[in-house]
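Here's the letter readout for the chains.
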Amino acid sequence: MRFTFDGHAYRGEPGDTLAAALLRNGVRVVGRSVELGRPRGVFTAGPEEPNALVRVGPDPMLAATTVELYDGLEAWSLRGKGRVDPDARDERRCDKGYLHCDVLVVGGGPAGLAATVAAGRAGARVILLDDQPRLGGDLLNSRVTLDGRPALEWVDGLELPARVLTRTTAVGYYDHNYVVAVEQRPHGERLWHIRARRVVLATGAHERSLAFPGNDRPGVMLASAARAYANRYGVRPGRRAVVFACADSGYEAARDLADAGVEVLAIVDPRPDPPPVEGVEVLAGQVVTGTSGDADGVLNGVRAGDRDFACDLLAVAGGWNPAVQLFSQSQGRLRYDEELLAFVPGTSAQAERSAGACRGLYGTSEAIADGYAAGAEAAGQSGLSGHGPRVPEDDRRPPRPPAAVWSVTGPSSEPAFADLHRDVTVADLARATGAGLRSVEHVKRYTTAGTGADQGKTSGAVVVGVMAALLGAQPGQVGTTTFRPPYTPVSFATLAGRDRGELSDPVRTTAMHDAHVARGAVFEDVGQWKRPWYFPRAGETMAAAVRRECEAARTGVAAMDASTLGKIDIRGADAGAFLDRIYTNVYSTLPVGACRYGLMCGADGMVFDDGTTTRLAETHYFMTTTTGNAATVLDWLEEWHQTEWPELEVSFTSVTDHWATVAVAGPRAREVIAAVAPGAVDLAFMRYAETDVLGMPGRVFRISFSGELAYEVNVPWRHGRALWEAVLDLGAVPYGTETMHVLRAEKGFAIVGQDTDGTVTPQDLGMSWIVSSRKPDFVGKRSHARPDTARAGRKRLVGLLPDDPAALVPEGAQLTSGEGTPALGHVTSGYASAALGRSFALALVREAEPGDRLTAVCGGEAHPVTVCSPVFLDPGNDRRDGLPLTVEVGPYQGEPWPAESPAAAFAARFQAASTPAARLREIAFEPMWEVRGADPGMGLALGPSWWLVTGNVPPGPEWVDVSDQRTVLELSGPAAEEILITGCPLDLHPSVFPGHAQTFLGRASVLLERRAPDNYRVYVRSSFTRYLAEWLLDALGGIYP
Amino acid sequence: MLLIPCPFCGPRDETEFRYGGQAGIAYPDGETTDGEWAAYVFMRDNPKGWFHERWFHAHGCRTWFTVERHTVTQEIR
Ligand SMILES: [Zn+2]
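Residue numbers (the UniProt record's numbering), protein chains in the order written: chain A, 1 to 1041; chain B, 1 to 77.
Hints were generated in silico from the structure; no laboratory data involved. Any given hint could turn out to be false.
As the list claims (entries may be wrong) - Distance condition first, Cα-Cα at most 25 Å in a straight line; then the derived SDA-like pairs of lysine to any residue:
1. B:K48 x A:R333
2. A:K775 x B:G30
3. B:K48 x A:Y174
4. A:K781 x B:G24
5. A:K775 x B:E36
6. A:K781 x B:C6
7. B:K48 x A:P485
8. A:K781 x B:C9
9. A:K781 x B:A39
10. A:K775 x A:P974
11. A:K781 x B:I25
12. A:K781 x B:F8
The shape of chain A in the complex, shown without the other chains:
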């Protein structure tokens, strides 16, 4: 396999990591340290690597010890810090997936494998994660035997009753046994979200280093790493070696290195009475006191006591640290083990158990035995009682306790590094404690020790040991810093997955969206909705377009897509009584067929939402909400009903996506209505008619948000485009949200969330008239009598006229009565008005009366303004009834636009993307109803007393027609479930999934139904259909062979 490093061409072997391949090619210097620019070499053979950080493609910083070599790989060393190349092309397709299991085993070494076998045989659903391409853990790196055979034969002979994910690193352990892992896949990473009943952590241990002068030279390496390169990769990490063995693993490394052809000159062991080693000198009671280097800084000598050894490899065995990072993330408490000289898992905080080396059981056989026990226990078996698998016997002696040596001071002038990655030396730590820092957390922040990409995996114990010595304490008293996710670095691309670009957040669109695009609308984001902001004609500026649209609405007829307004169907004998308690005004006495504008307040008395609610029948109301608040209002209604007034018989059904709504406004609006909805032409103001619209059943409301004669015409979603095209064909000028804002502001209509901010009462808006004093109570009523709410001098809604009629006062401008005086309020809306021939503004301001002079200050500008009534136009509401029909208007004769489902435009793309593995299509239109109360005996249960019925069945009396509220997509084929788990957090296992459920798919709320194995239906709200269709197409494109 060919690869390049810093532009030089090399060859490696399949199975190499980049680090192994570099060592294979004799590359000793692999980078420069981050602060001091010192040459550094490969130090470890795993994710704990502090030195060998490289840039590969768009990845600015990867550990070369974790990069699998591939043909053509190009890697670059880091000079100091990593840098993101904003121009790098990232071809990866990262995504995510959700998994569920009874037992999650993290780590595929001896303990984890044994746990997997035991839990799987006990019948548990098991997932096994391991970060390496091949299972075995440290057995891959060692030459240990089991029952006299190479240990990997035992690994290869195991039947693993589990979903096994290799190349997968668990990086985060969160509440309620939620583990997040990153899988390296050929086309990009997958972020797995795994929910487990029980977790077995078998994460192994990391060898640690210790601090001695010159311990950072290329050629100084952990003994376990030297052994791994020799045994696993067949790479000699040096020719002549000295082993610094504070722990017995150094002896194993010495033996393996010697067998691999490395000349081992000496073993330096600080402990007394070391065992003899054939052919190698052992310096007992000695330590390495310094190193020397060649012109490049690469190791060429080691000093131990009064002895100097000419060598190019120093293998350091400082002892082992159980890899307790995930355990600690799970909020488990660590305990310092005085014999192991390491922090080990103490008390678990979750349904979790550590097994094997990660709790200090370093022997292979004892790790396997512990794994069997942990797996059986996790699967719910109490003890193995002799029936478990036999534990094979390894060929190693029990290790002696390691030497309690954390740092060596010597005569050398070379720095002794505690943290190689952050270039933190023993002297730096001494400065920190000398400055009075006692807590390891403070020392970490002061010195940055442990804050590198490696998070101090090899250095943490050294820092604690050195601090303990400096403070005259025990390491257990010093403690560790908090381990936080992620365990290894995770790129933002991985976290983002497929939620990028168009899919980064759902875009909700209306039935008329394509029509708006075709007319060149400029869109505005309102919540997740795309709404036309204005409709510029060729070469027209925004100001000119808005002026033209306003003029059309004030002098002719104009139309707006109002489909985004929230719409809630409210039914029940107590619906009126319920609304009386929610709104500030009265609805129980509203005549059938009448509409009423209403305000809702929070319990704190502040305005929360507004809209029009219409009484369709005695026990049937239809509520509209603001676009941005639709979901919040529905939640609000259900909260009060369920938690305070469950005795009221009332139910709520969202029909926002069922209806497409066109607002037709202007003195000539009646002409358009006469053509599209003749039955509504004689509607009085604030009245409603259920009538044919273009021959389809529709609803027309005569309500106005502009002061002009206006109608809101509703048809089922699939006819929305037809209605819109007909209305425009009849001469209505399309207008967007900006014109809507200008028109309403001219009339002084406040917009909740723009002219209010959660501190504004109806009285503050000058709307005391809408607050009933006759009702015994409504939400917020008592708060209106609170001293602060009732006091004089609160900010109130006023109008402002700038002295300069051309000056646009910016929203947010502060209002003062003179220089150096405190702000009295701020501008909430400011526009240029065609009708007024000048600019104007709305503001919330205190202690201001009409005629008062104020200054609006924003940035470097100050606008003198005069306070006035917020109603700028037609205070007598004389324009409300528009112009009478002067000509006979017949029904609309144009060719009707065909009915369109929200997914109709995707049919060809669905077909093209479908494969034998996964097929995607839209299910043809069928009537649908939501049913409340008594079980209809059919359909899908959505909640308590709540069903969705689909099909051509005769509807019950109070069923709510929601035929157009949802679109049904079908995903089928053997890969369907694997696609769904990339966006659906539910457990779809047949033993758990009830057949259908409301949940998420991607970032859209859906109803997911399994019709048959490999056949799913996804019911998605019509406005989310485009998003979900794109999401599914993107997912289908992600099935790799």
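Since the structure of chain A is provided, determine the placement of chain B with the ligand on it from the hints.
Using the frame of chain A, we list chain B with the ligand on its own:
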């Protein structure tokens, strides 16, 4: 990511829910002093330990319900 037991749907991820704050805050009956009313509107407990709180399964069955959660260990019972 908490796993919250919905009484209708069973355990679901926290992202499907809306938090509803402390449970058992009754709407005051009859006349209230300003202080009593303010306590109802604004004052909530914030214990270190077990806490009765409301959750709303907004993206599922749309049921409001009460659970007891330990604010330190996140245990739910
Ligand atoms: Zn639920």
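Going through the hints against the structure:
At roughly 19 Å between alpha-carbon atoms, K48 of chain B and R333 of chain A fall within 25 Å of each other, so this suggested pair holds. For a cut-off of 25 Å, the pair hint linking K775 of chain A to G30 of chain B stands: about 14 Å separates their Cα positions. Taking the CA atoms of K48 of chain B and Y174 of chain A, the gap is about 19 Å. The hint holds against a cut of 25 Å. Pair hint K781 of chain A plus G24 of chain B holds up; C-alpha atoms about 21 Å apart against a cutoff of 25 Å.
Distance check on the hinted pair: K775 of chain A and E36 of chain B sit about 21 Å apart at the alpha-carbon level, within 25 Å; holds. Note on K781 of chain A and C6 of chain B: the hinted pairing is violated, with a Cα-Cα distance of about 33 Å set against a maximum of 25 Å. This hinted pair checks out: K48 of chain B and P485 of chain A have alpha carbons roughly 24 Å apart, not beyond 25 Å. Proposed proximity of K781 of chain A and C9 of chain B is contradicted: the alpha carbons are some 36 Å apart, above 25 Å.
Note on K781 of chain A and A39 of chain B: the hinted pairing holds, with a Cα-Cα distance of about 15 Å set against a maximum of 25 Å. A hinted pair counts as satisfied when its Cα atoms are at most 25 Å apart, and K775 of chain A with P974 of chain A does not qualify at roughly 60 Å. For the given pair, K781 of chain A sits about 18 Å from I25 of chain B by alpha-carbon distance, which is consistent with the 25 Å threshold. Taken as a hint, the K781 of chain A and F8 of chain B pair is broken in the structure, with Cα atoms around 34 Å apart against an allowance of 25 Å.
Consistency with the previously given hints fails for numbers 6, 8, 10 and 12, ordered from lowest to highest.
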